[in-house]
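Take these sequences, add in the hints, and give me the full structure.
Number of protein chains: 2
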Amino acid sequence: MKIAIFGTGVVGETIASKLVALGHEVKMGSRTAGNEKAVAWAEKAGPRASQGTFADAAAFGEILFNCTLGAGSLAALEAAGRENLKGKVLIDISNPLDFSKGMPPTLFVSNDDSLGEQIQRAFPELKVVKSLNTMSCTVMVDPSMLPGEHVVFVSGNDAGAKAQVKQILTEGFGWKQVVDLGDITTARGTESFLPLWIRLWGALRTADFNVQIVKKG
Amino acid sequence: MKIAIFGTGVVGETIASKLVALGHEVKMGSRTAGNEKAVAWAEKAGPRASQGTFADAAAFGEILFNCTLGAGSLAALEAAGRENLKGKVLIDISNPLDFSKGMPPTLFVSNDDSLGEQIQRAFPELKVVKSLNTMSCTVMVDPSMLPGEHVVFVSGNDAGAKAQVKQILTEGFGWKQVVDLGDITTARGTESFLPLWIRLWGALRTADFNVQIVKKG
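Quick mapping for you: the protein sequence lines, in order, are chains A and B.
For what it's worth, my numbering labels the leading residue of the first sequence as -9, then goes sequentially.
For what it's worth, my numbering labels the leading residue of the second sequence as -9, then goes sequentially.
Don't read these hints as lab results, they were simulated from the structure.
Mixed in with the good hints there might be a few duds.
Since the list can't tell identical chains apart, any single copy or any two copies may satisfy a pair.
Below, simulated BS3-like cross-link-like pairs (lysine-lysine); rule was C-alpha separation at most 27 Å, straight line [unchecked claim]: (1) K166 with K205; (2) K156 with K205; (3) K206 with K156; (4) K(-8) with K205; (5) K206 with K8; (6) K(-8) with K8; (7) K78 with K27; (8) K156 with K(-8); (9) K76 with K91.
Structure, rendered in C-alpha cells:
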C-alpha cells in the first residue's frame, strides 16, 4: 500500500520505517521538499522510501499518518491540499502539547474539545482516526516489547476507516488489543491521558510503558 | 483509628462502610447534622459509625477522606473549620467534574491546575494526598474484585502523609500496587484521566474496571 507520513520527527521516522519494513511504499512529507531529515531517512530506508512536501506525500498516500507536532498539525494538513486529502483515512497520532509555558507541557486544546476533533472539523474530507497517541513511538510499532497484554485506542466517526486502521495496528504493528472508544469526540479521552502519561514517565523513569485495562469477568 | 468522611454519596458511604468493617471509628460529615442519608448509614453501620456536621467529623477524625462532589469540596472544607483540619492528612478522592453542560461531564479545573492543588493551596494546614479518584468506589475498597494486578495512584507534597495513605490502601483496602506520582501537582495527571475513564466506561459497558501499568523488565 502507498502510505504518507506527515512529519520528520522521531515518531514520523519510527512509523515510516516500520511501514517500509512491512513492505509498504512510504513517502515522508514535510514543509519543504528536500528536508534534511526526510532525505536522510529516505536514503537509509531504501527503495520503497521517498520524501517530498506535505502535498507530495498526501497525493501519493492512500492512507495518511499525522506525525507532526500538535501545534503544527492543522497547518501541515492545510499545506497538504484539500484535493489530496479527499476521502482518505488520516491516522492522527498528534497530541496538543504546549511546551511554551515550560515543563511539563500543558495542552493547548482540552476538556471540551480535542485536536482530533479540530482536525476532523477543519478537514471534513478526511476520515480522521485518532490512535497511537497514548504511548512512546517505540511501543507504537512494537507492542510485544512490553510483557503481557496492553491496549491501543481508536476514536473516529467512520466505522470503515476504524476497521482499516485496526487492521494496520493488528496485522501490521502486532497489536493484540484495540479498544474502540467511539466517535472522534472520544479523542478528548486519549489526549487528556497525556498529563497522566507525562507523570508516569517521571515516576517510572522510562517512556516504554503502556496501560492495560483490567475488568471483571 | 478515628476517621472522618466528608460526603454522604455513594463514594462516601462505600469508603465509610469499608473503614468500619476494618475496625475503625468513622464519623460521616455533611452540611447539616442529622442528614437523612448520613443518619441511615450510621444506623446501619453499627456502633463504630456516627454522623454530624463537616466540623463535627473534622474535629473527630485523625484522618480525613474527601468524598464530596468536586464542585462542593472547597466549601465543605471551609465549613469543616481550619482549626479542625490543622496538621491532618486529607485523602482527596474528589474529581472536578462539571455536569452543568450535559453529558459526558467536562472538568471545571484542568490542564494547568487541579482540584487537589486548589484544596492544598486553600488549606495549607492540611496534608493533601490525592488518591483513589481514578476508579469506581466498588473497586476502591475491593481491588481483588478485578483479576490480576492493577494500580492506584498517590499524589501529595508530604512523604509521611503519603506513607500513611499507602498503608491504608495496602493493609486496609488490599491494594497491591500503589504508584507514587510525586507532589500534589501530579493530581493534574489523575484528574485528567477522568475524560478517558468516562469513555472507557461507555466502551466497556461497566464501571468496574481499572488500569494496570505494563513496562519493560
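Looking at the structure, which of the earlier hints fail to hold?
4, 9
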